[in-house]
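Protein chains in written order, with the numbering used here: chain A, 34 to 517; chain B, 745 to 1240.
It is worth saying that the hints were derived from the structure and are not from the lab. These numbers were taken from a predicted model, which means no experiment stands behind them. All C-beta atoms, glycine included, are put in the ideal place defined by N, C-alpha and C. There could be a bad hint or two in this list.
[As the list claims (entries may be wrong)] A partial selection of chain A residues facing chain B, derived with a Cβ cut-off under 10 Å: (1) K251; (2) L257; (3) H258; (4) Y259; (5) E262; (6) Q295; (7) E297; (8) Y300; (9) Y306; (10) R357; (11) A360; (12) H388; (13) Y392; (14) D402.
[What the hints assert, rightly or not] Some residues of chain B that are not near chain A, with every Cβ distance over 12 Å (derived): (15) A760; (16) P772; (17) E778; (18) R782; (19) G805; (20) H859; (21) V894; (22) G905; (23) S945; (24) G1019; (25) I1046; (26) A1056; (27) V1174.
[To be verified] Here are the in silico distance ranges between beta carbons for each label pair: (28) A:A511 / B:P984: 40 to 46 Å; (29) A:D285 / B:E1117: 30 to 36 Å; (30) A:G242 / B:D857: 26 to 32 Å; (31) A:G301 / B:R1026: 44 to 50 Å; (32) B:D904 / A:G242: 50 to 56 Å; (33) B:D1062 / A:S376: 31 to 37 Å; (34) A:G242 / B:A849: 53 to 59 Å; (35) A:G255 / B:E855: 46 to 52 Å; (36) B:P984 / A:G255: 19 to 25 Å; (37) A:A360 / B:D857: 37 to 43 Å; (38) A:D244 / B:Y1218: 43 to 49 Å.
Read off the chains here:
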Amino acid sequence: MGNSQLLAYTAVKVPNTTHNRAADALAAEPLDRDMPQASATSLDAASTDAASTDAMLDRCQRAAFGYFLRHRNPANGLYADTSRAGSPISIAVVGFALSAYPVAVERGWISRAEAVEHCTAALRFFRDSNQDGSPESTGYKGFYFHFLDQDAGTRVWRCELSMIDTALLIVGALMAARYFDADTPAEAELRMIADQLYRRIDWRWSQNGGDTIMQGWKPECGFLHYGWEGYSEAIVLYVLALGSPTHPIGKDCYRAWTRTYQWENLYGHGFLYAGPLFIHQFSHAWIDLRGIRDRFMREKQCDYFENSRRAVHVQRAYSCINPRGHAGYDEDCWGLSACEGPSDEIRSVDAEPRHLFGYAARGVPYGPDDGTLSPPAVLACMPFEPGLTLRAIGTMCRRHPEIVHEHGFTSGFNADLRGADGKVWVSPGLFGLDQGIIVLMLENHRSGLPWALMRGCRPIVDGLRRAGFDGGWLDATARDAGGT
Amino acid sequence: MRHHRDSGSGTVVDTAVRDELRDNLRPPQWRNPEPADRYGLVVVGAGAAGLAAAREAAASGARVALVERDLLGGDRLNFGCEPSKALVRTARAYAEMRDARSYGATAPPVEVDFHAAMERVLRLRARLSRAISPRMLAAAGIDLFFGHAVFQGPDRLELDGMPLPFEKVLLATGAEPDVPDIPGLREVGYFTNETIFGIGSLPKRLLVIGGGPLGCELAQVFRRFGSSVIIVQDMPLFLPHEERDAAQILSVAFARDGIEVRLNTAVTAVRHADGEIHADLRSDDYISSVAADAVLVGTGRIPRLDDMGLDAAGVTHDPVRGVHVDPHLCSHNPAVYAAGDACMAHRFTHVAVATARMAVANALRGERQRLDELVIPWCTYTDPEIAHVGLYVREAMRDGIAISTSTIPLHAVDRAVLDGDDVGFIKLHVADGSDHILGATIVSRSAGELIGQVTQAMANGIGVRGLARVIHPYPTESSAIGEAARAWCCEHPPHD
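Build out the structure end to end from the sequences listed, making use of the hints.
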């Protein structure tokens, strides 16, 4: 199958129902032109042609948004964790979907009315869901279980009530509420439900009497006691929890969390250490962390945006050294992050056993590293290092066109493992989180729309201030005292 | 059922070795000497701390009595560092043979001889015991007594009813395994660090309870000998006090060794069924069961202070901290000092020796050396080893100290790459706004050796800029310490 066929945004077998109107519209326009691998050569020169680069990014972004249209359950408005048959709902993916609709409306990929309809359907589901915390419920104390049954919307896999994933859901709701600000009954309802969902979360309960927010809770055993130390994607969680008008955590909670940070100089780059790339991206999808600083970053004379830029360089340096000798790693082929890789123990050609980690948060420099890289994590670095990102994603696509399938970027690929056809191992299907972060981070790079919206979001602004952030746009916002 | 503490009778086939070890540790025909009218120092316990203290005191001219209830050498020689490190070395040899291809070498089929390994342990113990034998102690001018010392009052100590008059006493009684109260464990039987070196044969399946240093070291050893090993650790990480990154690297190393790891998991019950041991496990709400042929408990140690009449002596103590001492190692009884595992949170042989010397200096020479002046490194002897000195970053941050870390991954160190030992790192933790080294963590096959360089710098007030000026031979792993220091200097130029 040719490259262009792989990329062609052909019609997929989906019912021709109302919820797929936008999908149909998207499918009407093939998106194979100028996808990254097709234009890799030009991407190397990149940059000389800003217009074609933007067009390519538009196609990547639009294709990623298409995931949410194809994998939405019209019966309850929720979104599948992956594109695989039988996939449950992921509440974090719902949050990314809610955030993607404003982008899609702005870009003309979906009508405003349909976007509002989709968003409100999801919000209504959570508003009306069972919150008694029983094993068969949907949530408790305003939080939600990580994975839900595709149809019933109730807990599956005995999974945990997830604080971080609830935060990703709610920040998506708040972003949708910020964007859909028209004085219409439909948009007013959307805003009202988003506010209700946010206000009912008992963030203080999630501390379990401790200094920081717990990672999860289960009806069978209470709070999980996994340690959650060090820099992570949780800035957005703490900011939302601090900004709550109803059940806020104390300021000391954020300070207690940041006391677990570790500033490291690695490969000549001083930065707030976190191994996997996604940690350096997720909170940035919504919060404009350019030029604003909390106490830790003031002490280090840095900010989180600059920190993420440095993280890109650390990833490149590691991939250049390539200590484990994985196929393909170099300065233009990096991207260790949370993603799916091969999971079985497969013997290599020299009969040495390999240790493969399946879905795992891979990171540098301490691992795990089994040769699996995440193209979506690379693409999501666009706001931080656009030139290096374009070179890397172009190189990956040129070398391994199979990393684009089902109209989007695969979660992970592993070039150590090749099939008889010479193609590298590629994670089957797509993951909603990957598609969501692509939509948001490319939009932040292209227009800054998510950041602009959330700079006016009262919970975000209040939460950042209570966390001790100041400077930059936050000071200007204080003067203007705007936002809802 | 509890296995017996090993005194060298379990494995050895060479009776001369066994006899030598027995004679050096506790001669069967031993007769205690007549006590002196008064001892300058009575040392209770002849482990690492007690032996060091007795020698230090005798060398300074004091009249010294050394009392041991069991075997000379204590944990270090009999149940701890030395036998375990001997096994670690053999296990590493097997691992290297299996991994010969990665070194460009070929090795014949590897067949494990567990008895040979255990016999080697005994031979080495016998050899090392020569330095602490009763003969050597007598030559050092130390009166050695075997027996049970009990205080009858603040100034009265008796050995099996016989008074041992003293000016000062040093309690160096060590520690013993802290065995968790798991239903069925005692009935089924278990090994600890005190009994595992007397194990008669290699267990086919070994369940290790506890992911601390001891559990991790021995889990890896037995896996490399060929046992199927499961570690069950109730915390979410190995070595919960170490840096996350160190634990992460160890996790990967264990996976490569084929050790099955159950983190965040508690053993809720143990029982015999169908001729094997079954352990019930609980991880949050997940309940499972594993089968094993032997159980090793490695959940830590607690001070050994029972039946000594400490209350009569006015020496306050508790089961966790042991003897309560002031910064000069003096107990509430000004005539009674303590050292080593009996009073220290850091239960390591080198800490025992250092505190023993300090206690002698303070007790006999009137010095005022302080515990908080010690710069204490430690090392877990897994492969790779994990060594640390000074503050952890989390401790500094908790205390409000701004801190930065300079890291050199070993895969960027030529010698480590050449040796095929490039999994690990060297981290220097430095206080912001100065070049003061607050601590270091090293993960490397030779971390225990490397940490000494940073310890030396810290103990002598040498800052990171001074460390950066040190020239290291090339190629060596120790050069990475200089590289880490120079990387920090680049990020923090002098005018900064």
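We went through each hint and held it up to the structure:
no.	hint	result
1	K251	holds (5 Å)
2	L257	holds (6 Å)
3	H258	holds (7 Å)
4	Y259	holds (5 Å)
5	E262	holds (6 Å)
6	Q295	holds (5 Å)
7	E297	holds (4 Å)
8	Y300	holds (7 Å)
9	Y306	holds (8 Å)
10	R357	holds (8 Å)
11	A360	violated (17 Å)
12	H388	holds (5 Å)
13	Y392	violated (16 Å)
14	D402	holds (9 Å)
15	A760	holds (43 Å)
16	P772	holds (51 Å)
17	E778	holds (58 Å)
18	R782	holds (54 Å)
19	G805	holds (50 Å)
20	H859	holds (28 Å)
21	V894	holds (43 Å)
22	G905	holds (51 Å)
23	S945	holds (27 Å)
24	G1019	holds (30 Å)
25	I1046	holds (23 Å)
26	A1056	holds (42 Å)
27	V1174	violated (10 Å)
28	A:A511 / B:P984: 40 to 46 Å	holds (42 Å)
29	A:D285 / B:E1117: 30 to 36 Å	holds (33 Å)
30	A:G242 / B:D857: 26 to 32 Å	violated (54 Å)
31	A:G301 / B:R1026: 44 to 50 Å	holds (46 Å)
32	B:D904 / A:G242: 50 to 56 Å	holds (52 Å)
33	B:D1062 / A:S376: 31 to 37 Å	violated (48 Å)
34	A:G242 / B:A849: 53 to 59 Å	holds (57 Å)
35	A:G255 / B:E855: 46 to 52 Å	holds (50 Å)
36	B:P984 / A:G255: 19 to 25 Å	holds (20 Å)
37	A:A360 / B:D857: 37 to 43 Å	holds (39 Å)
38	A:D244 / B:Y1218: 43 to 49 Å	holds (46 Å)
Checked against the numbered hints above, the structure violates hints 11, 13, 27, 30 and 33; every other hint is satisfied.
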